[in-house]
Amino acid sequence: MRININIRALLLFAALFILAMPTIRAQQPDSVQQVLTLQEFYQIVLQYHPVASQGALLPEQARQELRIARGTLDPVISSKVYRKEYGGKEYYQLWSNTLRVPLWFGPELKAGFDKNSGANLNPMDYTSSEGLSSVGISVPLGQGLFIDERRATIRQARLMQDVAEAERVKLINKLLLQATKDYWDWLLYFRQVQLYQEAVELAEFRLQAVRARVQESDLAAIDTVEALTEVQTRQVLLQEAQLGYNNARLMVATHLWAEDETPLELQETTTPALTGSEIVPLPQNELQQLLETAKANHPDLRKLSLKGEQLQLDRRVAADKLKPKLNAEYNLLQSDFYMRPEAIDRAYMGENYKLGLSFSLPLFLREERGKLQLTKAKQQANALELTQTTREVENSILAAYNEWLALEEQIRLQEQMVENANTLRNGEAVRFQNGESSLFLVNSREMKLMEAQVKLYTLRAKYAKARTFLYWSAGSIEVE
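Going by the working numbering, the final residue of the sequence shown carries number 480, and the count climbs one at a time with no gaps.
Just so you know, these hints were derived from the structure itself, not from any lab. Being a predicted model, the structure only gives us computed values, none of them experimental. Among the hints, erroneous ones may be present.
Here are the computed lysine to aspartate or glutamate pairs in the EDC-like style, where the Cα-Cα straight-line distance is at most 20 Å [said to hold, decoys possible]:
id: 1; residue 1: Lys181; residue 2: Glu278
id: 2; residue 1: Lys295; residue 2: Glu167
id: 3; residue 1: Lys354; residue 2: Glu368
Derived CB-CB ranges, DEER-like [what the hints assert, rightly or not]:
id: 4; residue 1: Lys325; residue 2: Pro75; range: 18 to 28 Å
id: 5; residue 1: Thr254; residue 2: Gly308; range: 13 to 23 Å
id: 6; residue 1: Glu204; residue 2: Asn285; range: 48 to 58 Å
id: 7; residue 1: Glu204; residue 2: Leu405; range: 37 to 47 Å
id: 8; residue 1: Asn285; residue 2: Leu441; range: 44 to 54 Å
id: 9; residue 1: Gly308; residue 2: Val236; range: 21 to 31 Å
id: 10; residue 1: Gln178; residue 2: Leu57; range: 48 to 58 Å
id: 11; residue 1: Gly308; residue 2: Gln61; range: 18 to 28 Å
id: 12; residue 1: Thr423; residue 2: Gln288; range: 33 to 43 Å
id: 13; residue 1: Thr387; residue 2: Gln288; range: 19 to 29 Å
id: 14; residue 1: Ala406; residue 2: Ala56; range: 35 to 45 Å
Backbone N, C-alpha and C define an ideal beta-carbon position, used for all residues, glycine too.
Model the full structure from these sequences, guided by the hints.
Below, the structure written as structure tokens:
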């Protein structure tokens with residue numbers, strides 16, 4: 001009888017100690033394991049992940065687009081040579097050189113040098129033997145005076161830099177959101193594996209103890225089947241948890257990269273940090289700050305706002321097209337290539353010049369009026385989309401905040417349920433020790449306790465994800 005009492009006491013001690021081990025291990029991870037914290041995980045992801053590298057290229061692409069747009073203001077030099085000889089007779093030889101310098105505010109500076117000769121030269125092309133140089137300016141007086149496609153393109157290219165930055169933030173936020181979800185799934189299955197491993201150890205120990213009691217004729221042989229069935233049930237749960245854990249590790253590993261786009265493997269000894277999913281109440285003014293931050297900096301809202309500015313430029317250009325093209329041009333002429341001092345004399349400028357005035361206007365302006373109305377319609381559509389997207393972002397933040405609060409309450413309730421299940425299990429173990437209960441009831445209580453613990457782990461993982469989702473909804477995931 002003393003042997004039976006010792007076995008019962010040992011069973012009770014094992015049940016109380018082994019099922020308490022998840023909490024102990026959660027607080028003191030195995031020293032041989034390498035813990036990968038969420039912040040360390042973020043740093044690796046942001047440093048070498050191909051998507052993060054792709055996002056870093058977007059601002060550079062925008063800078064090159066601006067460079068291309070500024071190319072419309074580059075000075076252009078051109079030179080042309082024509083010579084005609086027929087029947088052994090030289091008709092003419094034309095040599096024309098031009099330098100054009102577009103100015104930011106619309107006008108264009110021009111400089112040229114022509115040297116022409118020949119017996120059959122057009123009188124309009126005649127120059128002295130030293131050649132004829134000119135310097136002048138072309139000024140738009142109608143269309144293109146205040147805005148033109150060249151200036152609009154440059155301004156839109158500048159706006160594209162901000163668009164590219166918003167797109168980069170959106171890309172990084174999406175990457176971090178998915179990486180965070182995978183990390184917390186990894187932790188969830190890690191805890192489940194720990195729990196079920198200890199549950200299997202307890203069930204195997206209990207099976208040995210039951211067999212010993214059966215040999216002592218203290219228990220019926222059928223209790224061995226009950227204990228063995230419990231071992232097998234928990235082994236199945238452990239295998240399912242291990243499958244989920246291995247798959248979760250693979251998902252986390254997809255975010256780990258080294259230099260030169262070299263994928264990294266997640267070592268078997270690397271484990272997630274057991275902290276970070278604790279309840280952290282949101283400050284009272286934090287929600288309002290998130291709403292205000294989202295209105296100003298959310299990538300989707302920022303892109304729509306910048307698109308509105310681009311459409312406003314398009315509208316100005318389209319409205320400018322309704323004006324007639326009226327250009328005035330003045331060129332100061334002098335012989336030879338080099339500027340002489342008398343060329344800047346007022347009397348000389350009044351006697352040696354080439355002046356031009358051009359005018360054109362479509363009679364019906366159907367194309368121009370159509371483009372203007374089309375741009376206005378695009379502006380209205382963009383404004384409506386901005387209004388709708390703003391509403392969606394605000395509601396997304398509020399929904400994420402509501403989920404945060406609901407999960408906080410659910411976690412508190414589940415923690416109480418775990419305590420209650422633990423109390424019931426302990427009481428059933430004491431009753432079993434006193435011979436007032438059965439192994440089946442003890443196993444049932446332990447299964448309820450494990451289910452409650454798994455539910456608690458799941459809620460904590462959801463809570464950690466909800467916290468990240470809240471900041472993602474506001475357009476910025478915090479990375480310390």
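Outcome of the hint check:
1. With a CA separation close to 16 Å, the supplied pair Lys181 and Glu278 stays within the 20 Å bound.
2. Between the alpha carbons of Lys295 and Glu167 the distance comes to roughly 16 Å, so the proposed pair stays at or under 20 Å and holds.
3. Pair hint Lys354 plus Glu368 does not hold up; C-alpha atoms about 32 Å apart against a cutoff of 20 Å.
4. At about 23 Å, the CB distance of Lys325 to Pro75 agrees with the hint of 18 to 28 Å.
5. Restraint check, Thr254 to Gly308: a C-beta distance of roughly 37 Å breaks the suggested window 13 to 23 Å.
6. For the pair Glu204 and Asn285, the beta carbons lie near 54 Å from each other, so the given range of 48 to 58 Å is met.
7. One distance hint, 37 to 47 Å for the beta-carbon pair Glu204 and Leu405, holds here, with the actual separation near 42 Å.
8. For the pair Asn285 and Leu441, the supplied restraint of 44 to 54 Å holds, since their beta-carbon distance comes to about 51 Å.
9. Take Gly308 and Val236: their Cβ atoms lie about 58 Å apart, and the range 21 to 31 Å is violated.
10. For Gln178 and Leu57, the Cβ-Cβ distance of about 20 Å falls outside the hinted range of 48 to 58 Å, so the restraint is violated.
11. A hinted range of 18 to 28 Å for the beta carbons of Gly308 and Gln61 is consistent with their spacing of about 22 Å.
12. Against the hinted window of 33 to 43 Å, the Cβ-Cβ separation of Thr423 and Gln288 comes to about 42 Å, which satisfies the hint.
13. As the Cβ distance of Thr387 to Gln288 is approximately 20 Å, the hint placing it in 19 to 29 Å holds.
14. A hinted range of 35 to 45 Å for the beta carbons of Ala406 and Ala56 is consistent with their spacing of about 37 Å.
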